[in-house]
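Trainee: Whole structure, please, built from the sequences with the hints as guidance.
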Amino acid sequence: MEQYLNTPVKEVITKFPNIGKILEEYEIGCVPCTVGSCLLKDVVELHNLPDEEEKEMMGRISQEIYPGQEFEIPRTEGKGKVRSKELTYSPPMKRLVDEHVLIKKWVALIPQVLETFDVHSEENRLFIIEGVNFIRSYADRLHHAKEEDILFKYFDETSDILKTMLDDHVEGRSHAKATLEALEKRDRQGIVDHLMAYRALLTEHIKKEDEILFPWMDRSLSVKQVGELFSKFNAADDRAGQDGIERCEKFVLEIEIKFRKEDSK
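Per my numbering, residue 1 is the first one in the sequence shown, and the count goes up by one each step.
The set of hints was computed from the structure by calculation and includes no laboratory data.
Beta carbons: idealized from backbone N, C-alpha and C, even for Gly.
Where hints are given, some of them may not hold.
Here are the simulated BS3-like cross-link-like pairs (lysine-lysine), alpha carbons at most 25 Å apart as the crow flies [stated by the list, open to error]:
1. Lys104 <-> Lys261
2. Lys21 <-> Lys153
3. Lys104 <-> Lys258
4. Lys104 <-> Lys55
5. Lys55 <-> Lys208
6. Lys104 <-> Lys94
7. Lys55 <-> Lys105
8. Lys163 <-> Lys185
9. Lys153 <-> Lys105
10. Lys105 <-> Lys250
11. Lys153 <-> Lys41
12. Lys94 <-> Lys232
13. Lys261 <-> Lys208
14. Lys105 <-> Lys258
15. Lys208 <-> Lys177
16. Lys185 <-> Lys250
17. Lys207 <-> Lys105
18. Lys232 <-> Lys153
19. Lys153 <-> Lys163
20. Lys104 <-> Lys177
21. Lys15 <-> Lys153
22. Lys94 <-> Lys261
23. Lys163 <-> Lys208
24. Lys21 <-> Lys41
25. Lys185 <-> Lys153
26. Lys232 <-> Lys41
27. Lys224 <-> Lys177
28. Lys21 <-> Lys105
29. Lys250 <-> Lys261
30. Lys153 <-> Lys94
31. Lys41 <-> Lys10
32. Lys104 <-> Lys207
33. Lys10 <-> Lys163
34. Lys41 <-> Lys55
Per label pair, the in silico range of CB-to-CB distance [what the hints assert, rightly or not]:
35. Ala197 <-> Glu122: 21 to 29 Å
36. Gln112 <-> Glu211: 35 to 43 Å
37. Asp51 <-> Ser121: 42 to 50 Å
Mentor: Here you go:
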């Protein structure tokens, strides 16, 4: 069993497809993950199931791998408590989650922006430019920089879960760049493809961070480290400047108002 606990979860699911179904029953969504390089044991630890649920799930997984055999199922670290159904965060982690709210508002509006988008309209083209500026200024330079330059430094950046998050950041930057290149060529379909791909990427990325990564990080950080992070995040916001942050918030609000009015016509 130890062998499979130290195997990337996608490989385990490929060999034993029913394990993917078992994980989904416990709200562990490894099947649709496009990377799947996390080790099975790390996946279990990250999701922090209550002791009894984890024991039950691991028992079912072991029976899929070795039918009819009994194993002593190893407990993951940090156990002995019941997981709350309501997610709570330390102050620095709550800051990141709150920033996600604004990013989610923008990506949720992307289909509406694109539905009537005229690639030859200067007003419409400006929407796209401002949208990409929001991605680069707020989602990337402010938010992702806090993660990459500060938060992730407290953990093993070579771990599979962090490599996955970093790869998502790189892919998001690529979509932002490709969107502007398509805009320059007046390639409407290219703009649609890259912005919709960015929307899908960030929607799943934020879900993984809010529901899995950040709670796991909070369980791993000491009180002193939480305080350090809070101070460093404040300093990062000061460097970004309140005016810049407010411009990003204003952009999303104005887009929301515009399309709310159009929907009511």
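Trainee: Next, verify each hint and record whether it holds.
Mentor: Structure-based check of each hint:
1. For the proposed pair Lys104 and Lys261, the alpha carbon gap of about 20 Å is at most 25 Å, so the pair holds.
2. Between the alpha carbons of Lys21 and Lys153 the distance comes to roughly 34 Å, so the proposed pair goes past 25 Å and is violated.
3. Taking the CA atoms of Lys104 and Lys258, the gap is about 17 Å. The hint holds against a cut of 25 Å.
4. The suggested pairing of Lys104 with Lys55 is violated, with an alpha-carbon distance near 35 Å, which exceeds 25 Å.
5. Annotation: proposed proximity of Lys55 to Lys208 holds, straight-line Cα distance about 23 Å (limit 25 Å).
6. A hinted pair counts as satisfied when its Cα atoms are at most 25 Å apart, and Lys104 with Lys94 qualifies at roughly 15 Å.
7. The suggested pairing of Lys55 with Lys105 is violated, with an alpha-carbon distance near 38 Å, which exceeds 25 Å.
8. Pair hint Lys163 plus Lys185 does not hold up; C-alpha atoms about 33 Å apart against a cutoff of 25 Å.
9. In summary, the hint linking Lys153 to Lys105 is not supported, as the alpha carbons are separated by about 28 Å, beyond the 25 Å threshold.
10. Only pairs whose Cα atoms come within 25 Å are accepted, and Lys105 paired with Lys250 is accepted, the gap being roughly 12 Å.
11. A C-alpha spacing of about 22 Å is found between Lys153 and Lys41, which places the hinted pair at or below 25 Å, so the restraint holds.
12. For a cut-off of 25 Å, the pair hint linking Lys94 to Lys232 stands: about 14 Å separates their Cα positions.
13. Taking the CA atoms of Lys261 and Lys208, the gap is near 33 Å; set against the 25 Å cutoff, the hint is violated.
14. A distance of roughly 13 Å separates the Cα atoms of Lys105 and Lys258; the hinted pair therefore holds under the 25 Å criterion.
15. A threshold of 25 Å between alpha carbons decides the hint, and for Lys208 with Lys177 the separation of about 24 Å falls inside it, so the pair holds.
16. Between Lys185 and Lys250, the direct Cα distance comes to roughly 28 Å. Violation of the 25 Å bound is thereby established for this hinted pair.
17. Between Lys207 and Lys105, the direct Cα distance comes to roughly 14 Å. Compliance with the 25 Å bound is thereby established for this hinted pair.
18. Between Lys232 and Lys153 the alpha-carbon distance is near 12 Å, which keeps this suggested pair within the 25 Å criterion.
19. A hinted pair counts as satisfied when its Cα atoms are at most 25 Å apart, and Lys153 with Lys163 qualifies at roughly 12 Å.
20. Annotation: proposed proximity of Lys104 to Lys177 holds, straight-line Cα distance about 20 Å (limit 25 Å).
21. Using a Cα cut-off of 25 Å, the hinted pair Lys15 and Lys153 is violated, with the two alpha carbons roughly 34 Å apart.
22. Proposed proximity of Lys94 and Lys261 is contradicted: the alpha carbons are some 32 Å apart, above 25 Å.
23. Note on Lys163 and Lys208: the hinted pairing holds, with a Cα-Cα distance of about 13 Å set against a maximum of 25 Å.
24. Our distance criterion of 25 Å between C-alpha atoms is met by Lys21 and Lys41, whose separation comes to about 17 Å.
25. For the proposed pair Lys185 and Lys153, the alpha carbon gap of about 39 Å is over 25 Å, so the pair is violated.
26. The suggested pairing of Lys232 with Lys41 is violated, with an alpha-carbon distance near 32 Å, which exceeds 25 Å.
27. Of the pairs offered as hints, the one joining Lys224 and Lys177 is violated, with about 39 Å between alpha carbons and a cut-off of 25 Å exceeded.
28. Distance restraint check for Lys21 and Lys105: the Cα-Cα separation of roughly 32 Å exceeds the 25 Å cut-off, and the hinted pair is therefore not satisfied.
29. Simply put, Lys250 and Lys261 have alpha-carbon atoms about 16 Å apart, close enough for the 25 Å limit, and the pair holds.
30. Between Lys153 and Lys94 the CA atoms are separated by roughly 18 Å; this keeps the pair inside 25 Å, and the hint holds.
31. At roughly 12 Å between alpha-carbon atoms, Lys41 and Lys10 fall within 25 Å of each other, so this suggested pair holds.
32. The suggested pairing of Lys104 with Lys207 holds, with an alpha-carbon distance near 10 Å, which does not exceed 25 Å.
33. As the CA atoms of Lys10 and Lys163 are separated by approximately 16 Å, the hinted pair is consistent with the 25 Å bound.
34. Straight-line distance between C-alpha atoms of Lys41 and Lys55 comes to about 13 Å, which keeps the hinted pair within the 25 Å bound.
35. A C-beta distance of roughly 25 Å is found between Ala197 and Glu122, which places it inside the suggested range of 21 to 29 Å.
36. Taking the beta carbon of each, Gln112 and Glu211 are about 26 Å apart, not inside 35 to 43 Å as hinted.
37. The hinted window of 42 to 50 Å between Asp51 and Ser121 is violated, with their beta carbons roughly 58 Å apart.
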